Amino acid sequence: MKVLVIEDEKDLLQGILSALRQEGYVCEVAQSASEASEKAGLYDYDCILLDVNLPDGNGLKILREIKAKGKTDGIIIITARNSPDDKVAGLNLGADDYLAKPFYMPELIARVSAIIRRKRFEGNNLVTFHEITIDLPGKQARVNDTPLELTPMEFSLLVFLLANKNRVVSKNAIAEHLSGDDADLMDKYDFIYTHVKNLKKKLTEAGSKDYVKSVYGLGYKFMA
Amino acid sequence: MRLLQVSLRGSLLFSLMMILVSIPVSFFTIRALLNKEVDESIAAQADQFMQHIQSFEYLDDLETDLQVLDKLSSNIHITPSNGEIHTNYRTLTLYDSLDHEEKPYRRFESGVVIKGKPYKLVVRMSLLETNDLVKAIGLVQLAVSVILVAGLLFWNRFLSRRLWKPFYRTLEQLKAYELDKNEALPTEESGITEFNDLNKTVSHLAARNHEVFAQQKEFIENASHELQTPIAIFQSKLDMLMQSPSMTKDDADTIMELESTAQRMAKLNKNLLLLSRIDNEQFLSKEDIELSDLIENQIRILGSLAGPTQISITTRLEKLRIITNRTLLEVLVTNLLHNTVRHSPKGSEIIVEITGNRLTVSNSGSGQALDLEKMTRRFQKKSEDHNSMGLGLAIVKKICDNNNYLLAYTFKGGRHVFTVSFVV
Numbered sequence: 535m536k537v538l539v540i541e542d543e544k545d546l547l548q549g550i551l552s553a554l555r556q557e558g559y560v561c562e563v564a565q566s567a568s569e570a571s572e573k574a575g576l577y578d579y580d581c582i583l584l585d586v587n588l589p590d591g592n593g594l595k596i597l598r599e600i601k602a603k604g605k606t607d608g609i610i611i612i613t614a615r616n617s618p619d620d621k622v623a624g625l626n627l628g629a630d631d632y633l634a635k636p637f638y639m640p641e642l643i644a645r646v647s648a649i650i651r652r653k654r655f656e657g658n659n660l661v662t663f664h665e666i667t668i669d670l671p672g673k674q675a676r677v678n679d680t681p682l683e684l685t686p687m688e689f690s691l692l693v694f695l696l697a698n699k700n701r702v703v704s705k706n707a708i709a710e711h712l713s714g715d716d717a718d719l720m721d722k723y724d725f726i727y728t729h730v731k732n733l734k735k736k737l738t739e740a741g742s743k744d745y746v747k748s749v750y751g752l753g754y755k756f757m758a
Numbered sequence: 004m005r006l007l008q009v010s011l012r013g014s015l016l017f018s019l020m021m022i023l024v025s026i027p028v029s030f031f032t033i034r035a036l037l038n039k040e041v042d043e044s045i046a047a048q049a050d051q052f053m054q055h056i057q058s059f060e061y062l063d064d065l066e067t068d069l070q071v072l073d074k075l076s077s078n079i080h081i082t083p084s085n086g087e088i089h090t091n092y093r094t095l096t097l098y099d100s101l102d103h104e105e106k107p108y109r110r111f112e113s114g115v116v117i118k119g120k121p122y123k124l125v126v127r128m129s130l131l132e133t134n135d136l137v138k139a140i141g142l143v144q145l146a147v148s149v150i151l152v153a154g155l156l157f158w159n160r161f162l163s164r165r166l167w168k169p170f171y172r173t174l175e176q177l178k179a180y181e182l183d184k185n186e187a188l189p190t191e192e193s194g195i196t197e198f199n200d201l202n203k204t205v206s207h208l209a210a211r212n213h214e215v216f217a218q219q220k221e222f223i224e225n226a227s228h229e230l231q232t233p234i235a236i237f238q239s240k241l242d243m244l245m246q247s248p249s250m251t252k253d254d255a256d257t258i259m260e261l262e263s264t265a266q267r268m269a270k271l272n273k274n275l276l277l278l279s280r281i282d283n284e285q286f287l288s289k290e291d292i293e294l295s296d297l298i299e300n301q302i303r304i305l306g307s308l309a310g311p312t313q314i315s316i317t318t319r320l321e322k323l324r325i326i327t328n329r330t331l332l333e334v335l336v337t338n339l340l341h342n343t344v345r346h347s348p349k350g351s352e353i354i355v356e357i358t359g360n361r362l363t364v365s366n367s368g369s370g371q372a373l374d375l376e377k378m379t380r381r382f383q384k385k386s387e388d389h390n391s392m393g394l395g396l397a398i399v400k401k402i403c404d405n406n407n408y409l410l411a412y413t414f415k416g417g418r419h420v421f422t423v424s425f426v427v
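Sequence order for the protein chains is A and B. Using my numbering, the final residue of the first sequence is 758, and nothing's skipped along the way. Using my numbering, the final residue of the second sequence is 427, and nothing's skipped along the way.
A couple of the hints might just be wrong.
With beta-carbon atoms standing in for the labels, derived distance ranges [as the list claims (entries may be wrong)]:
1) B:T318 x A:K544: 16 to 26 Å
2) A:T728 x B:E214: 22 to 32 Å
3) A:Q548 x B:R267: 46 to 56 Å
4) B:T317 x A:K743: 36 to 46 Å
5) B:E290 x A:K544: 22 to 32 Å
6) B:Q218 x A:K673: 45 to 55 Å
7) A:K536 x B:E333: 33 to 43 Å
8) A:K536 x B:T318: 42 to 52 Å
9) A:V622 x B:I326: 46 to 56 Å
10) B:R303 x A:K743: 48 to 58 Å
By construction, these hints were calculated from the structure, which means they are not laboratory data. Note that the structure is a prediction, hence the values are computed from the model and not measured. Every residue gets a Cβ at the ideal spot worked out from N, C-alpha and C, and that includes glycine.
Sequences are here, hints too, so could you generate the full structure?
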């Protein structure tokens, strides 16, 4: 799966690339608007991460170019200008998702994964990890043939962890993913601990191996 | 007291004093002048009389004639006297038997010698006519004074109003001036140097203030924007550190603390941006929103999170439709609710009510009343909780101010009660 990362901040780019590659994505890079439109014009990507503020032009222009060519690449806009107007403008131009800086890497990966699945496996959108199968549109999860009775929170949690499999996902990132702005209201570590514990219990009771590993107090890692 | 009243009151007082002083002065002056005139006329009459008498001195029985004369004449009396009499004038009131009333007279008294015999000559003259004259003059004077004073007052008022008009206009403009809304004060030429100066100074001051304000706003927005990318880099590096297989428990603790700090920065930044955007009126689109639906929705989300804290939320919601910006209304409700949840002790009850056009959110809390003005100031932190940014209520206040909603706080029966009165 090929991802084009258009980002002019070298340090951030490095972080994004390292995280995506860990999840097995093949990444290409563009650090300017001209380079970006050239690459996006020449090749097809499963997903394009597009920073709106580029030194030599606005990312939204590139988005228009891509859409004008009738390309179906999934596009996620990344911007430091977290304003509702920008968001609406971006989505209206045909972007698939919108992510405001700063963001957690696991969040970015989950969004990339969601978009690629939606684009690639229209209708039959099943994620499989060993004996676990997740039907994303149907919001159903199974272990072998045993359906799991998951709460919406637990389902989101499972999808999130699975999108970031083999990587450590911090509790902060999970809290933000599950509850957004409300994350700071409660003792989030308690809250996440409870949900993870319940999820693990439901998975193992249905006959799955325990794939959710706790990494010190920091977070969790979903791995075989 | 208003400026016009002060100047008016001053001239009014002066006019009244002048009238009060001038009336008796002129009365007595006229009286004295008239008396002098009457006296002269009486003296002339007496002289004439004496000349006549002198021409009759050859008569033998003049003495008897004088007696008859004394009896017949009403204004001239001549009687024998035995002492020396000084010439004098007096004003006196005598009874007029014809008209049956008291009448004022001027009386002249003098000693004369006729045929070697001393006589007392008294000549009197009625003052009735001169009194009428004094009265008439007094009335005319009073009328003139009253007209003068009234005219003066009226003129003064008219002139002052006209003169001070530019001043009051400037004052009105200053009162209506809002630093965050108006750019500059419109200035008008008034034709009066001082007012033009005042206007120029005031509008210069306002423009300068607005400029500083705008710069500050822009600075906050730019600073917040520029901070987003470094924080994103910071977080991405932390993520990389986390993936390191050689990470120890201590490393993990440090990374977690750093991540929480980054989150705080991000949140702070986001709220600052939000405040700055509300200032810049970037939330213009309005729609018709059912507040009770919006609140129920928010509470549903909150409920799933607030579970472990054992805080219960009771709602009594009437229907209330508001036409406003959805994002801002959501932020307002969320911040109010979050603030309440955050400051509620474990196991307490939060009550959310809509009655009429008022939304009330109350919680039991530490047992003392708080200062709303302080609470809604930026970065006024009360709780020790690091997640509280001290911007939540400042944002609520800002939204209320911008939409003319009224935010009120009371402490009643151990409960902190926040009320927002909406404009429907």
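Tested hints:
1. B:T318 x A:K544: 16 to 26 Å: violated, 51 Å
2. A:T728 x B:E214: 22 to 32 Å: violated, 53 Å
3. A:Q548 x B:R267: 46 to 56 Å: Given about 24 Å between the Cβ atoms, the range is violated.
4. B:T317 x A:K743: 36 to 46 Å: Holds: the Cβ-Cβ distance is about 44 Å, inside 36 to 46 Å.
5. B:E290 x A:K544: 22 to 32 Å: violated, 43 Å
6. B:Q218 x A:K673: 45 to 55 Å: holds, 50 Å
7. A:K536 x B:E333: 33 to 43 Å: Since K536 of chain A and E333 of chain B have Cβ atoms about 38 Å apart, the given range 33 to 43 Å holds.
8. A:K536 x B:T318: 42 to 52 Å: holds, 50 Å
9. A:V622 x B:I326: 46 to 56 Å: Between V622 of chain A and I326 of chain B, where Cβ atoms are some 20 Å apart, the hint is violated.
10. B:R303 x A:K743: 48 to 58 Å: violated, 35 Å
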